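Below are the chains, spelled out letter by letter.
There are 4 protein chains.
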Amino acid sequence: MSYNSFGHIFRVTTWGESHGPAIGCVLDGVPSRLPLNDAEIQHFLDKRKPGQNRFMTQRQEADKVKILSGTFDGMTTGTPISLMIDNTDQRSGDYSDIKDKFRPGHADFTYMAKYGIRDYRGGGRASARETACRVAAGAVARKILGTDIQVRAALIRIGEHEINRDNWDWDEINHNPFWCPDRDMVPLWEKYLDDIRKKGSSIGAIVEVQARGVPAGIGAPVYAKLDSDLASAMMTINAVKGVEIGEGFNAAYLGGEENADEMYRDDNGLPALRTNHAGGILGGISTGADIVCRFAVKPTSSILSPRKTVDNQGRETEIITKGRHDPCVGIRAVPVGAAMMACVLADHLLLHRAQQG
Amino acid sequence: MSYNSFGHIFRVTTWGESHGPAIGCVLDGVPSRLPLNDAEIQHFLDKRKPGQNRFMTQRQEADKVKILSGTFDGMTTGTPISLMIDNTDQRSGDYSDIKDKFRPGHADFTYMAKYGIRDYRGGGRASARETACRVAAGAVARKILGTDIQVRAALIRIGEHEINRDNWDWDEINHNPFWCPDRDMVPLWEKYLDDIRKKGSSIGAIVEVQARGVPAGIGAPVYAKLDSDLASAMMTINAVKGVEIGEGFNAAYLGGEENADEMYRDDNGLPALRTNHAGGILGGISTGADIVCRFAVKPTSSILSPRKTVDNQGRETEIITKGRHDPCVGIRAVPVGAAMMACVLADHLLLHRAQQG
Amino acid sequence: MSYNSFGHIFRVTTWGESHGPAIGCVLDGVPSRLPLNDAEIQHFLDKRKPGQNRFMTQRQEADKVKILSGTFDGMTTGTPISLMIDNTDQRSGDYSDIKDKFRPGHADFTYMAKYGIRDYRGGGRASARETACRVAAGAVARKILGTDIQVRAALIRIGEHEINRDNWDWDEINHNPFWCPDRDMVPLWEKYLDDIRKKGSSIGAIVEVQARGVPAGIGAPVYAKLDSDLASAMMTINAVKGVEIGEGFNAAYLGGEENADEMYRDDNGLPALRTNHAGGILGGISTGADIVCRFAVKPTSSILSPRKTVDNQGRETEIITKGRHDPCVGIRAVPVGAAMMACVLADHLLLHRAQQG
Amino acid sequence: MSYNSFGHIFRVTTWGESHGPAIGCVLDGVPSRLPLNDAEIQHFLDKRKPGQNRFMTQRQEADKVKILSGTFDGMTTGTPISLMIDNTDQRSGDYSDIKDKFRPGHADFTYMAKYGIRDYRGGGRASARETACRVAAGAVARKILGTDIQVRAALIRIGEHEINRDNWDWDEINHNPFWCPDRDMVPLWEKYLDDIRKKGSSIGAIVEVQARGVPAGIGAPVYAKLDSDLASAMMTINAVKGVEIGEGFNAAYLGGEENADEMYRDDNGLPALRTNHAGGILGGISTGADIVCRFAVKPTSSILSPRKTVDNQGRETEIITKGRHDPCVGIRAVPVGAAMMACVLADHLLLHRAQQG
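Chains A, B, C and D supply the protein sequences, listed in that same order.
Residue numbers for the first sequence follow this note's numbering, so the first one is 1493 and each next one is one higher.
Residue numbers for the second sequence follow this note's numbering, so the first one is 1493 and each next one is one higher.
Residue numbers for the third sequence follow this note's numbering, so the first one is 1493 and each next one is one higher.
Residue numbers for the fourth sequence follow this note's numbering, so the first one is 1493 and each next one is one higher.
Don't read these hints as lab results, they were simulated from the structure.
Owing to the predicted nature of the structure, the values given are computational and were not obtained by experimental measurement.
Be aware that one or more of the hints could be misleading.
For identical chains, the list gives no copy identity; a pair is met inside one copy or between any two copies.
As the list claims (entries may be wrong) - Using 20 Å as the maximum straight-line C-alpha spacing, the simulated EDC-like pairs for lysine to aspartate or glutamate come out as follows: (1) 1814 <-> 1654; (2) 1539 <-> 1808; (3) 1558 <-> 1578; (4) 1691 <-> 1532; (5) 1800 <-> 1759; (6) 1556 <-> 1578; (7) 1556 <-> 1532; (8) 1683 <-> 1664; (9) 1556 <-> 1754; (10) 1690 <-> 1750; (11) 1635 <-> 1686; (12) 1591 <-> 1640; (13) 1800 <-> 1810; (14) 1539 <-> 1682; (15) 1800 <-> 1749; (16) 1635 <-> 1538; (17) 1591 <-> 1808; (18) 1591 <-> 1810; (19) 1800 <-> 1754; (20) 1800 <-> 1750; (21) 1690 <-> 1758.
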């Protein structure tokens, strides 16, 4: 039980607020003798870093990670790995407007209801800044997964525009500001999102995360299911409101003949699935097919239109959330989703090894 | 960490297979001095019981629950409550066909890949029978919630037919075999599902669970979020492939103006939300509005059409899954979903009290 | 977090009171395909069973264990193993005396202080009866340990009489009613304990548990230390008031020269320890030498002398605890201690495999 | 499950090695709105700080703690509190001797057996330096306990010299370098320890920790017992080899008449205990009397006498552990023991509130 940790064996604890001196995480249960250095983690942090193009918040953070423990001579030692990232751009400015008012759609009110105190200078723990720690953790998780397991994520929908899956090309995702796997969609999204950005508005999105190379047999049948741990992990990301595996909600529309994946004997003589409606998981355990998980990201509530709300004293008022915000936070959620899947898979690989050797 | 447990303070551990002598659960962390007897738990089990109408599996189970520990003089004592339900209708029949073949869409193959052994006489732990324990646990969870918090669930979609939410009437759900809150939809579903049943086919569904009366402030900000624990809980139910909160996947289509719930001062002078796009949760913490959670249930893979598969030896073959099955397992998932939400809320109420008093 | 569970991967949850219909446990995380049947568990339960000689409580319990789940065709399946033992001799008799009075040295008062309710018919969860579940769990743990690891326990002190360690002979422990490894001590203990028994008094004892064959490298450095998990496990046994590893409290008297075990190269060319002051654990991790753990068991507080106490209403009164009690509960704690060490070692073997393969 | 965390609700995770850039901890589950600043934590760290007199290691560490998260305007916010302490005196010097040789009585060999790699520049995680984090955590735990609960610790034995309990005076402990509560013992210990220090030897010790003001009813009956959590907590401290509660091992020598604490009605009309053989805990739950816990600390194995050992290649050799070491590490364990008890009590207070309100 922990409010700020997840994972069973590979266990991630994060700490830090958007406007404190630093954020960080402690990674426990990492096997020893994995090569690991700052640069390998930095590689993934740089992908999530804000301010890289006009479709992201203009907050400028170096997001430089430091390894404070758990490695020696460039190798993991099996002891906890402490990672820290200094906050360098906590532009304080004028908080008078948000200090006492609850921003609609933000956690201001619920934090106050729970704790009776909140750091009004930013989102506190609810800030997207916390996700940098997840990305750092994911980089270490990938070391546990090894090179045979590949975890990748893409943005497949922004508002009313969803990609054409027939155009899916993983090589594309690094060549546009959206992690979009459909080259044809990019110009449309650019125009669509520019309009939203200029209006000071925001829009929702859907992220898809896939893992290739996960062997059959990983997961557990009932309450430590691979899919329930994935659902939990994705739902912990800020602004996520829905998670699905394989056909997901579409399975509600299907008959058993369409949905159940038939099996065959593959070229190696092993059982394999002809289709992947299940998204790589049956009964909570991996089938050997690609793990496929999607999640919906709501539009950020930080918009320029005035909104009705109340203040700390319960008085009705209006608020406009100025500041440096993302027109589509779903974009930055892409590397975060991949990191979370890497963490869940690394944990379940170790967990499987625990019980089954 | 536990493969067969969930919850932080109110902790549920279930055990048992569909074809063993019994199934059961152990409930830990229940506060003392709550009135509790067998009949109160039985009330909820009877709602989930199979064989009650032609739209459910015809397996006949008395599903009689026995309290084996944790109560004294009709009151909880604070010690673990052990509940047991005998299996009475494990009609064994002829397993020769499914003994060696992997049923497509079932967990047969993945169990074998994980454990190298499986109880081929039924679904084992993956059987829907396990959910009886969740319903029993949910009955105890409701005692913790008290009468001010009301948890209810309904079926809102079967295949291509979704209810009209304008017709929503909670009183209707007990007056039709589908837990349908839209009286007008019932005859259509009856005809639709009869067709599917007669063809020996199956169909997916969507369940909606709501909780009224949850005070603002329950939950936690990051990795013990109320919504991530709900997502995890629902995703552990058999055949569930997607979970969403509030607007859920629809939030991907919305702009920030539409999605963020404005606030006002209610008649008691307290902050309240005008709309409930958030589904009662912001930043992982309850807003005081209704908690709204939906999940998608895939069609059962036990269908009469012959399906291609492989056997234990990796040889290609065909299989028809005869037996007593549900044309729409989503129906029986309705009380299970409500039970799981009751468990998660009870746990979080205690967890909140732990930290914040 | 669980009030009635222990273990990380191999996880034991027990339930049941001394005067309810049954007691039992659920064992989670057991690897699949281990041969397991009722008789193998019964073998160990029979060793703990009360009423076997005049030095134990005369409560007569068949202590017949039933496996309710988790095995198939005589093999573990990897799913939770539910074990149940019916209570057959809950001789109710007359509780009028203990119903309202707090027995000194018992948990009556503290249960009431915590829960505001207690099952006055016996010790409830605090009854030694609960330890039958630990012995059953230990029998399964031994299956995980395999035949190379041997866990044994002995009674080394009753009151003022401690064995002569030079006479230690493991073969002796099954040939006397005390699990005494020193044949010469047996007649003395018999006479000593007969006197105590006839007076209606009771006496404390010390149990020693040893494990042979545990490979070096099992455990963890800081908060999941093998020794801290052993200390916790032993301290959860009723009436245990102290735990020590290797030299234990005697280490307080020693200098570094005496206490630190020198190393040498053994016949296999491997590093080994010349002595075993450390009790087989350094830095929380096994050295490969025998694990040696001792614990002190207080005298039972159920004695025939009248004792001053208060009742539920806070009135001062006297009490004599009649009933069927153990003159030296330490005797029955011997197989319980061995079982607990088997559980901890099995858990740590799996935990080590999780992180380090 | 976590290798580097402890606690259920108030949960402490520590990280860092003696020769890395820093050490630290993350404290989760702390209630909000407790006043907290660096100085309050520093107060306790200063008590544990090495190099304060000739009876401690001469390593010079400022041990300056920084709060990196979880507070705002001098109050806790309910989010994780990250504390960091820079390592300033990792005098590297010449490790050639200990790099390849296993120091007898140290965890060098067991770390290598487990992880296949070790940071040979110091004790790594097994260094007493890690305990600074526990002391910092304990300072925060005391905030949760409030002023009504007082946790104190003292050294009661060094080698062959134990204090006279009749002389016990808590005010004395801050007026001598040993935390000795018996003023008469101080000169004797000074002379005794000077001799040991000059010989380059070391000696064991016994620490006693007491808590006053813990209300009756805190703890749990079976596997989250207050005493088992205390035993586990103390046994996780470096060099601790035994733990006992109340009479502890002495209970093995006692009869039930002597050991069971009689009860009476106190001046407030409440049930109370005449004696405290139980050490404040019965059935795992506090009685309201002082919690009394003792633990034995072995002599450090870093001594100047040459010792036989083996090296990484399994070759037999000798080693002398030069460096800055403690003649009696038990001294520095005193504030650590108090901190650990504060952590366990804070956690159990919250845990009790969770279940029982």
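Hints versus structure:
{"no.": "1", "hint": "1814 <-> 1654", "verdict": "neither (29 Å within a copy, 40 Å between copies)"}
{"no.": "2", "hint": "1539 <-> 1808", "verdict": "neither (41 Å within a copy, 45 Å between copies)"}
{"no.": "3", "hint": "1558 <-> 1578", "verdict": "both (9 Å within a copy, 14 Å between copies)"}
{"no.": "4", "hint": "1691 <-> 1532", "verdict": "neither (38 Å within a copy, 49 Å between copies)"}
{"no.": "5", "hint": "1800 <-> 1759", "verdict": "between (62 Å within a copy, 17 Å between copies)"}
{"no.": "6", "hint": "1556 <-> 1578", "verdict": "both (7 Å within a copy, 19 Å between copies)"}
{"no.": "7", "hint": "1556 <-> 1532", "verdict": "within (12 Å within a copy, 31 Å between copies)"}
{"no.": "8", "hint": "1683 <-> 1664", "verdict": "within (18 Å within a copy, 47 Å between copies)"}
{"no.": "9", "hint": "1556 <-> 1754", "verdict": "neither (48 Å within a copy, 37 Å between copies)"}
{"no.": "10", "hint": "1690 <-> 1750", "verdict": "between (44 Å within a copy, 17 Å between copies)"}
{"no.": "11", "hint": "1635 <-> 1686", "verdict": "neither (37 Å within a copy, 51 Å between copies)"}
{"no.": "12", "hint": "1591 <-> 1640", "verdict": "neither (49 Å within a copy, 33 Å between copies)"}
{"no.": "13", "hint": "1800 <-> 1810", "verdict": "within (4 Å within a copy, 62 Å between copies)"}
{"no.": "14", "hint": "1539 <-> 1682", "verdict": "within (19 Å within a copy, 52 Å between copies)"}
{"no.": "15", "hint": "1800 <-> 1749", "verdict": "between (50 Å within a copy, 11 Å between copies)"}
{"no.": "16", "hint": "1635 <-> 1538", "verdict": "within (18 Å within a copy, 39 Å between copies)"}
{"no.": "17", "hint": "1591 <-> 1808", "verdict": "within (15 Å within a copy, 58 Å between copies)"}
{"no.": "18", "hint": "1591 <-> 1810", "verdict": "within (13 Å within a copy, 63 Å between copies)"}
{"no.": "19", "hint": "1800 <-> 1754", "verdict": "between (53 Å within a copy, 5 Å between copies)"}
{"no.": "20", "hint": "1800 <-> 1750", "verdict": "between (47 Å within a copy, 13 Å between copies)"}
{"no.": "21", "hint": "1690 <-> 1758", "verdict": "neither (52 Å within a copy, 34 Å between copies)"}
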